[in-house]
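Undergrad: Residues per chain, in single letters:
2 protein chains.
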Amino acid sequence: MKMNNIKDDYQIVIIGCGRLGASIANTLSNKNRNVTIVDINKDSFGKLSPSFSGLLMEGDATDIKVLKKAEINKADVLIAVTDNDNINILIAQMMKSIFNIKEVIARLYDPEKECVYKESHIQTVFPALLSAGEVGRILDKEEDDEK
Amino acid sequence: MKMNNIKDDYQIVIIGCGRLGASIANTLSNKNRNVTIVDINKDSFGKLSPSFSGLLMEGDATDIKVLKKAEINKADVLIAVTDNDNINILIAQMMKSIFNIKEVIARLYDPEKECVYKESHIQTVFPALLSAGEVGRILDKEEDDEK
Numbered sequence: 001m002k003m004n005n006i007k008d009d010y011q012i013v014i015i016g017c018g019r020l021g022a023s024i025a026n027t028l029s030n031k032n033r034n035v036t037i038v039d040i041n042k043d044s045f046g047k048l049s050p051s052f053s054g055l056l057m058e059g060d061a062t063d064i065k066v067l068k069k070a071e072i073n074k075a076d077v078l079i080a081v082t083d084n085d086n087i088n089i090l091i092a093q094m095m096k097s098i099f100n101i102k103e104v105i106a107r108l109y110d111p112e113k114e115c116v117y118k119e120s121h122i123q124t125v126f127p128a129l130l131s132a133g134e135v136g137r138i139l140d141k142e143e144d145d146e147k
Numbered sequence: 001m002k003m004n005n006i007k008d009d010y011q012i013v014i015i016g017c018g019r020l021g022a023s024i025a026n027t028l029s030n031k032n033r034n035v036t037i038v039d040i041n042k043d044s045f046g047k048l049s050p051s052f053s054g055l056l057m058e059g060d061a062t063d064i065k066v067l068k069k070a071e072i073n074k075a076d077v078l079i080a081v082t083d084n085d086n087i088n089i090l091i092a093q094m095m096k097s098i099f100n101i102k103e104v105i106a107r108l109y110d111p112e113k114e115c116v117y118k119e120s121h122i123q124t125v126f127p128a129l130l131s132a133g134e135v136g137r138i139l140d141k142e143e144d145d146e147k
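Protein chains in written order, with the UniProt record's numbering: chain A, 1 to 147; chain B, 1 to 147.
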């Protein structure tokens, strides 16, 4: 995960401090980027590294008051990675259209939703498709090695 | 997911017919490969495509009798992708050591387990790491586009 190009002054809001959210937040914080991370359960922040220097916000991100407190209106990047596809979609679509955030990324578990987002301005990350691709690469590589 | 190189006569056993297991099984079946897929819940097989031509086996894959029925002893490839990391590890390690299966792949949700498997002969797939990498690529690409 390089993330070398993201601008110094970009405001990044991450919704969901699970494994993925925490991992992205730690990487961006290591690069001295401005990160706010929101989670409904404050125990989730335990996944952040001790050196994480961003802002933590405990609250339900489907509540617009919580998002405003996270200064979503000033965000350049919104990353919706709760463990609920519908919440990620809802937040991504609403915030993109209301605040015209430059870059909105949502993680979705259900690959059948891919077609819906192909033509939207939301970037989607599908772990199941990425994992299937990786299994394919491992199997193809194994066979190449035997040749 | 290419999987073009996997040999025609390879016996492939997939444990877990969730999104990932079903996706791999469908791809391999489309390429006329020999696939057996095992799941504890027969409703899971509903995720397979109607054209899936492999064998379905309902049963608990932590029960060696079920694995034997799936002819794990003849398998060239074992792919452990249940939704439980510990079960995937257990099956992968035991079957690799007992039957010396050529290629054993396990999906693991917890990226902290990565270091444990780096030096084993089990290939691991970490959806959280793949997803974090993908988010990084999206963010880096966005910045490149603006330059």
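Don't read these hints as lab results, they were simulated from the structure.
All residues carry an ideal CB built from backbone N, CA and C; glycine is no exception.
There may be inaccurate statements among the hints.
A few chain B residues that face chain A, going by a derived Cβ cut-off under 7 Å, partial list only [claimed, not checked]:
#1 PRO50
#2 ASP63
#3 GLN123
#4 LEU139
Undergrad: Against this structure, judge whether each hint is valid.
TA: Consistency of the hints with the structure:
no., hint, verdict
1, PRO50, "violated, 15 Å"
2, ASP63, "violated, 24 Å"
3, GLN123, "holds, 5 Å"
4, LEU139, "holds, 5 Å"
Going through the hint list in order, the structure does not satisfy hints 1, 2.
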